[in-house]
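Q: Keeping their order, the protein sequence lines are chains W and U. Counted from 1, the first sequence has number 11 at position 12 by numbering that gives the first Met the number 0; the numbering is strictly sequential. Counted from 1, the second sequence has number 65 at position 66 by numbering that gives the first Met the number 0; the numbering is strictly sequential.
Don't read these hints as lab results, they were simulated from the structure. The beta-carbon is built from N, C-alpha and C at its ideal position, and this holds for glycine as well. It is possible that part of the hints are untrue.
Only pairs whose alpha carbons sit at most 20 Å apart, straight line, appear in this in silico EDC-like list of lysine to aspartate or glutamate [stated by the list, open to error]:
no., chain 1, residue 1, chain 2, residue 2
1, U, K133, W, E63
2, W, K27, U, E27
3, U, K416, U, D383
4, W, K41, U, D279
5, U, K70, U, D187
6, W, K61, W, D11
7, U, K73, U, D107
8, U, K374, W, E37
9, W, K27, U, E272
10, U, K155, U, E129
11, U, K348, U, E129
12, U, K374, W, E2
13, W, K115, W, E2
14, U, K155, W, E37
15, W, K27, U, D187
16, W, K27, U, E364
17, U, K374, U, E418
18, W, K122, W, E63
19, W, K27, U, D383
20, W, K27, U, D371
21, W, K27, U, D279
22, W, K41, U, E156
23, W, K27, U, D360
24, U, K70, U, E156
25, U, K59, U, D10
Derived contacts from chain U toward chain W, CB cut-off under 8 Å, selection only [as the list claims (entries may be wrong)]:
no., residue
26, T153
27, N283
28, S365
29, M369
Computed beta-carbon distance windows for the label pairs [said to hold, decoys possible]:
no., chain 1, residue 1, chain 2, residue 2, range
30, W, Q20, U, E418, 33 to 41 Å
31, U, G16, W, I38, 35 to 43 Å
32, W, A107, U, Q414, 52 to 60 Å
33, W, Y138, U, N41, 27 to 35 Å
34, U, V410, W, Q20, 23 to 31 Å
35, U, L289, W, D69, 32 to 40 Å
36, U, P326, W, G108, 43 to 51 Å
37, W, S1, U, D405, 24 to 32 Å
38, U, N39, W, I38, 24 to 32 Å
39, W, I85, U, N310, 53 to 61 Å
40, U, N41, W, S1, 27 to 35 Å
Chain by chain, the residues:
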Amino acid sequence: MSETVRLYFDVDGEDFTSAGQASVQVKKSLRQLGIPPEIIRKVSIAMYEGEINMVIHAGGGKAEVLICEDCIEIHLWDSGPGIANIEQAMQEGFSTAPDAIRSLGFGAGMGLPNMKRYTDEMKIESEPGKGTDITMRVYL
Amino acid sequence: MNTYEHSVSLDISHCTGCTTCLKHCPTEAIRIRNGHAEINPNRCIDCGVCIRNCPNKAKKATYSKLDRVLKQYKWKVALPAPTLYGQFEGLEDVDYVLQGLLDIGFDDVVEVAQAAELVSAYTRIYLKTEGIVKPVISSACPVVLRLISLRYPTLKEHIMQLLPPMEIAAQLARQKTRREHPELKEEDICICFISPCPAKVSYVRNGFGDYKSQVDEVVSISDVYFSLLNVMRREKAPLPISHSGMIGISWATSGGESSAIFNDKYLAADGIENVNRVLDQLENGNISSLEFIELNACPGGCVGGAMAVENPFVAKARLQTLRRYLPVSQNFLEGENRDYIPGGYLFEKLPTYRPIQRLSDNFGESLRMMSDIQKLRAELPGIDCGACGAPNCRAFAEDVIRGNADREGCVVQQQRKLEEQLSQRQNGEEI
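With the hints as constraints, model all of the structure from the sequences given.
A: This is the structure we're talking about:
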C-alpha cells in the first residue's frame, strides 16, 4: 500500500516577516523522508517563490504539499486579484510588485519563472478578481 | 554507526534529569531517560549550548588537562586563541599573556592571531579564485562545519577549503620547532591549542573530511586562565613576543574575520539559532550578491565559547581596547606567495552527508512513518512540556514511531485517561 503524506499550511498575508516559513517546514519534512538533496532544493525554492507571491500579491493563501512514492505535488491557492495575463506573468523580469517590496529585494519578476524552472510540471489557473490556483509537480 | 569522537559529555552524578538542556539543544540531540539526560552522538554537534545552560554543571567539555600536557612532553608549543587575550582585566599588552604562557611551562608560543592574519590574506586571494561557489562560507567554526555536513548537504560546496587559523598556526609551530630544534624527536613535540570551545577539541580528534589535524593536544582557556593569573602578577617586563595586529585579534569576535576581507559584501552571524536561520535562507537561494559568510555558533563569536571564562561581551570590549594602538596586520604574504595559496593550507575533501533526520532508508517506509507521526502528534497535547523526556510533542511522536519511546510516556495524556476513568467510575457509582 502506498502512503501519501499531506502537509498543509495557512500562509499569512498580514505579516511579511514570516513569509518563507512554510518552505522551511516542507524542507524539514522532505529531509526526514530521505528525499535526495537536489530534489529538496527544487521543491523548497518553488515552494518559497509561490509562498512569497501569495504574500505579496494576494494577502496570503493556502498551501498543500502531497508527498507520495513517485511524486511531490505542491498546491497553492489564494483569493487574491488573480493574474490578468498568465503568459506575460511567466516572462522573466515581468513584475507587478509594489516599490516597497522591491526595495526588500523581492519582486524581480523571477517568481513564476523559477517555479516553472524548478518543477517538472506546473499548471496555473487564475481568474481576475477571484484568485489564483497553482499546481506544481516534481517527480522522484 | 558512529565513529565521531565528541567533546561534550554528561556527568550522570550531577544530572537531575531536569529539562533545561533538552529545551536548548539546537539539534534535538538530548533525551531524558531513566532520570537523566542522554546525548545522541549522531546528532550532537559539540556546540556547547548545553554546557552553558545546565544549572547543575552536569554537562562537561572534555579536553586535555594542562598539568598532564606540561609534564608529558619535552617541547610544548602553546597556540593561544585570540579569545584568551580578552579574559584579563586591565591587560595592556598581549605580551604579558604570552610571557605568562612561557612562565607556566610552555617552551614556545605561536599566536593563532598571527595565523589568522595569514588566513585573512589567503581568503582575499581565495575569493578571487575562478569557479568557486559563492557566497563562500568560513571554515573557522567547527560547529558550523559539522552542522552543514549533517543538515545542509546542498551547502557543502560553499565551505571555504582553506584551513582554519588553528591549523595554520599548528603547521607554522611544527615547522619552527623542527627548524630551531632539529634534535627533538617527533614524540617529544606537543603542539597545544588553548581553546575557547569544546568543538575545537572534536575537530582536532576527528579532523575534517580527509584532513587530519596538526594539533596534538587541546587545553581549555579556563584552565590556562587560572594558571596564568598566578604568574602574570609579576612586575617584570615581558619579552616582546606578540606578532599580531588588529585583524588577528578581531577574529575572536563575530564580524572580525569578515571585516578583514576588505569587501562589504559579507554577512556575519553568531549564535547557533541565527546560524541556522542564515543557512536555511541560503539554502532557499534567497541571499544574493554576497561574497562571504562568517558564521559563529557561539554568541558574540569565539569569545562566547563554553570554555572561556569571561562574559563574551566584556571580553569583546577588552579586545577593542587591546587592539586600539596595534597595526592593522603584522603578517603579510611576501614575494611569490602573494597570489597563491600553498597546497598544504587547503583541504581537499568535504565530509560526506550523514542524513541524521531520515526516518528510514526505504522511502515507502519513511512515508508510512511520517504519516503515523502526524496522526500521533495530533493526539498529543501540544504543550511541549518535556516531561516525557523529548524536547517537544513532535519529537516525542517521532521517537515513538521510530521505536525509541513508549507511547504511554506522555504524562499529560496519561493524566487525562486517569481522570476519564475516575469520572466514569464516579458516574457508575451514582447510578
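Q: Could you run down the list of hints and mark each one as holding or not?
A: Going down the list of hints, with the structure as the test:
1. U:K133 with W:E63: Between U:K133 and W:E63 the Cα gap is close to 32 Å, so the pair fails against 20 Å, i.e. violated.
2. W:K27 with U:E27: holds, 13 Å
3. U:K416 with U:D383: Given that 20 Å is the threshold and the Cα spacing comes to 18 Å, the pair holds.
4. W:K41 with U:D279: holds, 14 Å
5. U:K70 with U:D187: holds, 11 Å
6. W:K61 with W:D11: Since the Cα atoms of W:K61 and W:D11 sit roughly 9 Å apart, the hinted pair holds (cutoff 20 Å).
7. U:K73 with U:D107: holds, 11 Å
8. U:K374 with W:E37: The given pair, whose Cα atoms are some 28 Å apart, is violated under the 20 Å limit.
9. W:K27 with U:E272: It holds: about 15 Å lies between the C-alpha atoms, which stays within 20 Å.
10. U:K155 with U:E129: holds, 18 Å
11. U:K348 with U:E129: holds, 18 Å
12. U:K374 with W:E2: Holds, at about 13 Å.
13. W:K115 with W:E2: With a Cα-Cα distance of about 27 Å, the restraint between W:K115 and W:E2 is violated, given a limit of 20 Å.
14. U:K155 with W:E37: The hint holds at about 13 Å.
15. W:K27 with U:D187: violated, 49 Å
16. W:K27 with U:E364: holds, 17 Å
17. U:K374 with U:E418: violated, 23 Å
18. W:K122 with W:E63: holds, 15 Å
19. W:K27 with U:D383: Since the Cα atoms of W:K27 and U:D383 sit roughly 19 Å apart, the hinted pair holds (cutoff 20 Å).
20. W:K27 with U:D371: holds, 17 Å
21. W:K27 with U:D279: holds, 10 Å
22. W:K41 with U:E156: OK: W:K41 and U:E156 at ~17 Å, within 20 Å.
23. W:K27 with U:D360: holds, 16 Å
24. U:K70 with U:E156: Distance of about 42 Å is beyond 20 Å: violated.
25. U:K59 with U:D10: holds, 7 Å
26. T153: It holds, given that the least Cβ distance between U:T153 and chain W is near 5 Å, below 8 Å.
27. N283: Cβ of U:N283 sits 5 Å from chain W, so the hint holds.
28. S365: holds, 4 Å
29. M369: Constraint on U:M369 satisfied, holds at 5 Å.
30. W:Q20 with U:E418: 33 to 41 Å: Given range 33 to 41 Å: holds, Cβ gap about 36 Å.
31. U:G16 with W:I38: 35 to 43 Å: Holds, since U:G16 and W:I38 (Cβ atoms, about 41 Å apart) stay within the stated range.
32. W:A107 with U:Q414: 52 to 60 Å: holds, 53 Å
33. W:Y138 with U:N41: 27 to 35 Å: holds, 31 Å
34. U:V410 with W:Q20: 23 to 31 Å: About 30 Å separates the Cβ atoms of U:V410 and W:Q20, which means 23 to 31 Å holds.
35. U:L289 with W:D69: 32 to 40 Å: holds, 37 Å
36. U:P326 with W:G108: 43 to 51 Å: Taking Cβ atoms as reference, U:P326 and W:G108 lie about 48 Å apart, which means the hint holds.
37. W:S1 with U:D405: 24 to 32 Å: holds, 29 Å
38. U:N39 with W:I38: 24 to 32 Å: holds, 26 Å
39. W:I85 with U:N310: 53 to 61 Å: About 58 Å separates the Cβ atoms of W:I85 and U:N310, which means 53 to 61 Å holds.
40. U:N41 with W:S1: 27 to 35 Å: The hinted range 27 to 35 Å holds for U:N41 and W:S1, with Cβ atoms some 29 Å apart.
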